[in-house]
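J.: Okay, here's what each chain looks like letter by letter:
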Amino acid sequence: MKNNGRFGQFGGFYVPEVLIPALEEMEAAFYKFYKDPQFVADLDTLYNDYAGRPTPLYYATRFSELVGFKVYIKREDLLHGGAHKVNNCLGQGLLAKYMKKTKIIAETGAGQHGLATSMVGALFGMQTKIFMGSIDVERQSVNVHKMRLCGAEVISVTGGTCTLKDAINEALRYWTSNVADTFYMFGTACGPHPYPTIVKHFQSCIGTEARKQCLEKIGKLPDIVTACVGGGSNAIGIFSAFVNDKNVKLVGVEPAGKGIATGKHAAPLNAGKVGILHGTKMYLMQDSDGQILDTESISAGLDYPGVGPEHCLLRDNKRAEYVAVEDDAVLEIFDIFTKCEGILPALESSHSLAWVYSQKNKLPADTVVIVNLSGRGDKDVDIVERNKIK
Amino acid sequence: MKTYKQTFAELKHPALIPFFVLGDPDFDSSFEIIKAAIDAGADILELGIAFSDPIADGPTIQKADIRALAGGMNIAKAKELIKKIKAYKDIPIGLLMYYNLIYQYGTEKFFADFAAAGVNSILIADLSIDDADEVSAPMKKAGLDTVFMITPNTEIERAKRIAEKCTGFIYTVSLLGVTGGRDQLSDMVRPLIARLKAITKVPICVGFGVSTPQHAKSLADAGADGVIIGSRIVKIIEDNLNDKKSIPAKIAEFIKQIKQAIQLN
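If you read the protein sequences in the order shown, they are chains P and W. Here this note's numbering is used: the first sequence runs in plain steps of one and ends on residue 390. Here this note's numbering is used: the second sequence runs in plain steps of one and ends on residue 1265.
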């Protein structure tokens, strides 16, 4: 490897030897192409014409009135596929094409990354396999159906907790047996180097656009930028453009599930310990021996025991603040925000809205907050309904 | 304490190395099973400490990990079981496990405590030589031998660097994939052994997918210094859970068959 993939003490590539050549190949290809003018031009065209970039930065008038300060929404929910995941999949898919790979695999939790991968697999004519925990297959059945319509094979994973972590385990195992011709399209800014770097790069368009749009609209930078954090790809994507703007506060919002104190959550930056899983050193939900703990969150896309290594560093060096909100607050804001703005936020993105709502009337009226609305909530309507009945 | 060096020097045939997950299916049964394997002719033991997320393992070992954890296995009990095994017989023991368990215990302390319990080496499935600096010095300080993996897709220059870092043996992975029984021996393994023999004198022990006496025999013929059999043996445990008392004899019988096959050399 050219680079050790470290973010302070975090990151690295803790993988079985058999995967090293594949990661080396991927790293070499990424550094070869990511600034290549043809690659950049191809990706820009795909971003604009296929995915629908740039996405608007929308001033949420009624929600702003409700909370007592100015809230701007970065509309990643308007992208093709309904979430920011397509940014990364187009980038990695194009990389796979440049590397002349013909098969792609991916893991998925909420199904948004699986869907984006399946779309890109269809777009590039690549054979696509999606690994998904059996519980997620059930709670995100609409996305499963869409993936199959795109021609992907969806493999339901029954090991362990039957969620995202187990889907990653199984995808890694499959990759181990098929490294020669298969490109693993990792969905978040986590996992072994070079993935955290690659995924951040392909998601950084969110932050670059938002920063420019904010300057154009209001002539200054925002005071706060907030995003939900599971693996952390949408958050690192928007944070990346503001990290050097010292006066912009960055707030990552983790899923507190049933409450941090209950242990039933997926908030490693709030309540985890440093450890190693899925190829990277990061904050991790684990017991005292180091066995990985079950996680719980109403949003499948945030239901993961670890978190991207760069977020771990931003936490430790205090450049970003990481808070957590509980399922109940998420369900409440889903309803409030939809009624205010006529926009259905994904339950993942609802976490950052819930944190904004928790600041109601606590911030000066001229405060400008940008929320990364990473995805739309159509996929979550059933879950929201079911939880209302209870 | 018996070393790898002494073991490889004494043997006139490749070392027979069965793999077990410590505490599978429970502490006492596991001890009886491992004793039977020793009595049946195991030369070295490869032992795993169960982990919740074993990414390098196929379904058979995953299930064994789950059984062991469900049976109450943890780091402290694993150490206790190793001490009991060493008290039964001074046989070299290599641990094969995942990094997080070591990291949480405290790397230096883990190596020191498990060396004291009688372990000869610790192979970390998810730690490559690129990060070997994190473990090599504390391993050496604890008096442990080092073992790393080489796979069929490891480039020759990298294989040389790995071999240089191995003082115990090279864990040679026969195929591209995870652990698990296979009907056929991978056609990648003979050329791999030949390539490694040309670049190093470190003993070459072959594992992953080694499932039958015939496989063991052909690895012996190809010049392997040891054969590691995991999933096929663990499967015997899985298939006989309703009659745990019968497992040691069945494991012993299988190990004797393997031993016979490699002694024909």
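In short, the hints are calculated from the structure, not lab data. A few of these clues could be false.
What the hints assert, rightly or not - Residues of chain W clear of chain P, computed beta-carbon distances all greater than 10 Å:
#1 LYS1012
#2 ASP1057
#3 ARG1190
#4 LYS1244
Stated by the list, open to error - Straight-line distance between alpha carbons at most 25 Å, and here's what the computed PhoX-like set of lysine-lysine pairs gives:
#5 LYS1160/W <-> LYS273/P
#6 LYS1083/W <-> LYS1244/W
#7 LYS1089/W <-> LYS1245/W
#8 LYS100/P <-> LYS2/P
#9 LYS264/P <-> LYS220/P
#10 LYS1160/W <-> LYS2/P
#11 LYS1140/W <-> LYS1002/W
#12 LYS129/P <-> LYS1244/W
#13 LYS1063/W <-> LYS1109/W
#14 LYS1250/W <-> LYS273/P
#15 LYS32/P <-> LYS146/P
#16 LYS1165/W <-> LYS2/P
#17 LYS1201/W <-> LYS1165/W
#18 LYS1109/W <-> LYS1201/W
#19 LYS2/P <-> LYS97/P
#20 LYS1201/W <-> LYS1235/W
#21 LYS1077/W <-> LYS273/P
#22 LYS1079/W <-> LYS1035/W
If you're wondering where the values come from, they're calculated on a predicted model, not measured in any experiment. Cβ coordinates follow ideal geometry from the N, Cα and C atoms, glycine included.
J.: So, for every hint listed, does it hold in this structure?
T.: Taking the hints in turn, this is what the structure says about them:
1. No beta-carbon of chain P is positioned within 10 Å of the beta-carbon of LYS1012/W; the least distance is around 30 Å.
2. Listed as a non-interface residue, ASP1057/W fails to keep its Cβ farther than 10 Å from every Cβ of chain P; the least gap is roughly 8 Å.
3. With a closest Cβ-Cβ approach of about 18 Å to chain P, ARG1190/W is found to remain outside the 10 Å limit, as its non-interface label requires.
4. Non-interface status of LYS1244/W relative to chain P is upheld: no Cβ of that chain comes within 10 Å, the nearest being about 24 Å off.
5. For the given pair, LYS1160/W sits about 36 Å from LYS273/P by alpha-carbon distance, which is inconsistent with the 25 Å threshold.
6. Taking the CA atoms of LYS1083/W and LYS1244/W, the gap is about 22 Å. The hint holds against a cut of 25 Å.
7. With a C-alpha separation of about 21 Å, the suggested pair LYS1089/W and LYS1245/W falls inside the 25 Å cut-off, and the hint holds.
8. Proposed proximity of LYS100/P and LYS2/P is supported: the alpha carbons are some 21 Å apart, at most 25 Å.
9. This hinted pair does not check out: LYS264/P and LYS220/P have alpha carbons roughly 40 Å apart, beyond 25 Å.
10. Using a Cα cut-off of 25 Å, the hinted pair LYS1160/W and LYS2/P holds, with the two alpha carbons roughly 19 Å apart.
11. Annotation: proposed proximity of LYS1140/W to LYS1002/W holds, straight-line Cα distance about 17 Å (limit 25 Å).
12. A threshold of 25 Å between alpha carbons decides the hint, and for LYS129/P with LYS1244/W the separation of about 39 Å lies outside it, so the pair is violated.
13. Using a Cα cut-off of 25 Å, the hinted pair LYS1063/W and LYS1109/W is violated, with the two alpha carbons roughly 29 Å apart.
14. For the proposed pair LYS1250/W and LYS273/P, the alpha carbon gap of about 42 Å is over 25 Å, so the pair is violated.
15. Annotation: proposed proximity of LYS32/P to LYS146/P is violated, straight-line Cα distance about 34 Å (limit 25 Å).
16. A C-alpha spacing of about 21 Å is found between LYS1165/W and LYS2/P, which places the hinted pair at or below 25 Å, so the restraint holds.
17. A threshold of 25 Å between alpha carbons decides the hint, and for LYS1201/W with LYS1165/W the separation of about 12 Å falls inside it, so the pair holds.
18. Distance hint between LYS1109/W and LYS1201/W is unfulfilled; the C-alpha atoms sit about 31 Å from each other, more than 25 Å.
19. Using a Cα cut-off of 25 Å, the hinted pair LYS2/P and LYS97/P holds, with the two alpha carbons roughly 22 Å apart.
20. Restraint check for LYS1201/W and LYS1235/W: not satisfied, since their Cα atoms lie roughly 33 Å apart, outside the 25 Å limit.
21. Note on LYS1077/W and LYS273/P: the hinted pairing holds, with a Cα-Cα distance of about 23 Å set against a maximum of 25 Å.
22. Between LYS1079/W and LYS1035/W the alpha-carbon distance is near 16 Å, which keeps this suggested pair within the 25 Å criterion.
The structure fails hints 2, 5, 9, 12, 13, 14, 15, 18, 20 (numbered hints given earlier, in ascending order).
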